[in-house]
Amino acid sequence: MDTNSNPNPPVRILPTLIIAAVALATGIWAAQALLNNKPPVDELAATRFPVARQLEPFSLVDHQGNTFDNAALRGHWSFLFFGYTHCPDVCPTTLSVLNSVSGKLADNNAPVRFVLVSVDPQRDTPEQLARFVTYFNSDFIGVTGSEEGIAQLTRQLGIMHMQVADESSPDSYLVDHSAGLLLIDPKGNYHAVFTPPLSADAIASDFRKMLKAFR
Amino acid sequence: MKPAGFFITAFLLLCCVIPAQADDTLQVSDPWIREAPPGATVLAGYLTLTNTTSAPLVIEAVSSPAFEAVEIHRSQVVDGVARMQPVSELTVPATGNISLAPGGYHLMLLRPVRPLTEGDNVILLLHRADGICVTVTAPVLRMTESSSHQH
Ligand SMILES: [Cu+2]
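Chain order of the listed sequences is P and U. Sequential numbering from 1119 applies to the first sequence in my numbering. Sequential numbering from 3 applies to the second sequence in my numbering.
Looking at chain P on its own, in the form it has when it is part of the complex (with noise of 0.2 Å):
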């Protein structure tokens, strides 16, 4: 009988309208927790790469006189900067965050690696690199080549670098170069790029990330 039945429906919708309504609150409470206070874990200062890109073959010679190329970025992770010897501003405050985040990353037990390429390779020999990369951090690599060598690599990667004449010193030239700082994983994939301004907190914070998500 429908009168037997009334009396509940009431009842019955009130403990739903209070799920619902702590659902909402809930609901409300952890979007403005997510909007206002604590990012959520996975968030990166870095571009990470849905799926990492494969790189095209590339030839290039170290620091030290030995090949660069596709399997040179195996078995290791490689943190990628492109810059040149003959820049006393950027380039040195760059590898001066990467051996902060060298610092930082040393009790970290997979092994990473930090290359600097060179833009310049007119200018930048191994000799020349070597004396550069070093007075950073002795276990930095400087990498440099041919025109066409660096070009096979910068290409691939969308790094743009171009010689400028400098107005007041005519026997010298300065090259604009890409400021960013790729992330090249264990498989010799392009992973995640990260852009400037660089901070060795969050380089080394996102690498931790991306190395525990990483199979």
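No lab work stands behind these hints: they were computed from the structure. Just so you know, these numbers come straight off a predicted model, no measurement behind them. We put the CB at the ideal spot given by N, CA and C, even for glycine. Fair warning: there could be bad hints in the mix.
Label pairs and their calculated CB-CB ranges [said to hold, decoys possible]:
#	chain 1	residue 1	chain 2	residue 2	range
1	U	Gly121	P	Thr1185	24 to 32 Å
2	P	Val1169	U	Val115	50 to 58 Å
3	U	Ser31	P	Ser1177	46 to 54 Å
4	U	Pro58	P	Gly1183	47 to 55 Å
5	U	Pro141	P	Ala1228	35 to 43 Å
6	U	Arg116	P	Ser1317	44 to 52 Å
7	U	Arg116	P	Lys1327	43 to 51 Å
Which residues of chain P face chain U? A few of them, derived with a C-beta cut under 10 Å, are [to be verified]:
#	residue
8	Ala1170
9	Leu1173
10	Ser1214
11	Val1282
The following residues of chain U were derived to be distant from chain P, with all beta-carbon distances above 10 Å [as the list claims (entries may be wrong)]:
#	residue
12	Thr27
13	Leu45
14	Ala57
15	Val60
16	Glu73
17	Ser77
18	Val83
19	Met86
20	Gln87
21	Asn99
22	Cys135
Fit chain U with the ligand to the supplied structure of chain P, relying on the hints for placement.
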């Protein structure tokens, strides 16, 4: 050094031989030069300039007996590309200041006369547009641990 470069440098040094009268209209703080890897032919210098007057002050040129040439440069990241460009002069705004710091304005110090390492002190001469020359002593500092300048 080319003769022309030599004469320009000699001229710039000479104008500072005539001492400026005690002048505190332009204050210089935290001057320093970043120690560079061995064999470096180019270094960077930094400082903060404070203008105590009510009119802008212009630095037209900088010279140093420790370098063959000094340029005023600005580094900038534009659309993800790091760019370093010479600027013709530095303007210190009225009752304001301008900082030359890593990643921004800097003194581009070309071809050191002798190698410089931490502990050395370098004389910089700032040539103001009003003819006054400001002499600054900048220590060479090694900075490899962090990107921030610490005293
Ligand atoms: Cu410069």
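How the hints compare with the structure:
1. U/Gly121 with P/Thr1185: 24 to 32 Å: violated (40 Å)
2. P/Val1169 with U/Val115: 50 to 58 Å: Between P/Val1169 and U/Val115, where Cβ atoms are some 54 Å apart, the hint holds.
3. U/Ser31 with P/Ser1177: 46 to 54 Å: Distance hint for U/Ser31, P/Ser1177 holds at roughly 49 Å.
4. U/Pro58 with P/Gly1183: 47 to 55 Å: holds (53 Å)
5. U/Pro141 with P/Ala1228: 35 to 43 Å: For P/Ala1228 against U/Pro141, whose Cβ atoms are near 39 Å apart, the range 35 to 43 Å holds.
6. U/Arg116 with P/Ser1317: 44 to 52 Å: About 36 Å separates the Cβ atoms of U/Arg116 and P/Ser1317, which means 44 to 52 Å is violated.
7. U/Arg116 with P/Lys1327: 43 to 51 Å: Since the Cβ atoms of U/Arg116 and P/Lys1327 sit about 47 Å apart, the hinted range of 43 to 51 Å holds.
8. Ala1170: At 20 Å from the nearest chain U Cβ, P/Ala1170 fails the 10 Å test, so the hint is violated.
9. Leu1173: Where the cut-off is 10 Å and the nearest Cβ of chain U is about 20 Å from P/Leu1173, the hint is violated.
10. Ser1214: holds (5 Å)
11. Val1282: holds (8 Å)
12. Thr27: The claim holds: U/Thr27 sits with its nearest Cβ about 27 Å from chain P, beyond 10 Å.
13. Leu45: Its Cβ does come within 10 Å of chain P, the nearest being 5 Å, so this is violated.
14. Ala57: At roughly 27 Å from the nearest Cβ of chain P, U/Ala57 sits farther out than 10 Å, so the non-interface label holds.
15. Val60: holds (17 Å)
16. Glu73: violated (5 Å)
17. Ser77: Given a closest Cβ separation of 5 Å, the condition is violated.
18. Val83: violated (6 Å)
19. Met86: For U/Met86, whose nearest Cβ neighbour in chain P is about 5 Å away, the distance does not exceed 10 Å, so it is violated.
20. Gln87: violated (8 Å)
21. Asn99: holds (20 Å)
22. Cys135: holds (20 Å)
Checked against the numbered hints above, the structure violates hints 1, 6, 8, 9, 13, 16, 17, 18, 19, 20; every other hint is satisfied.
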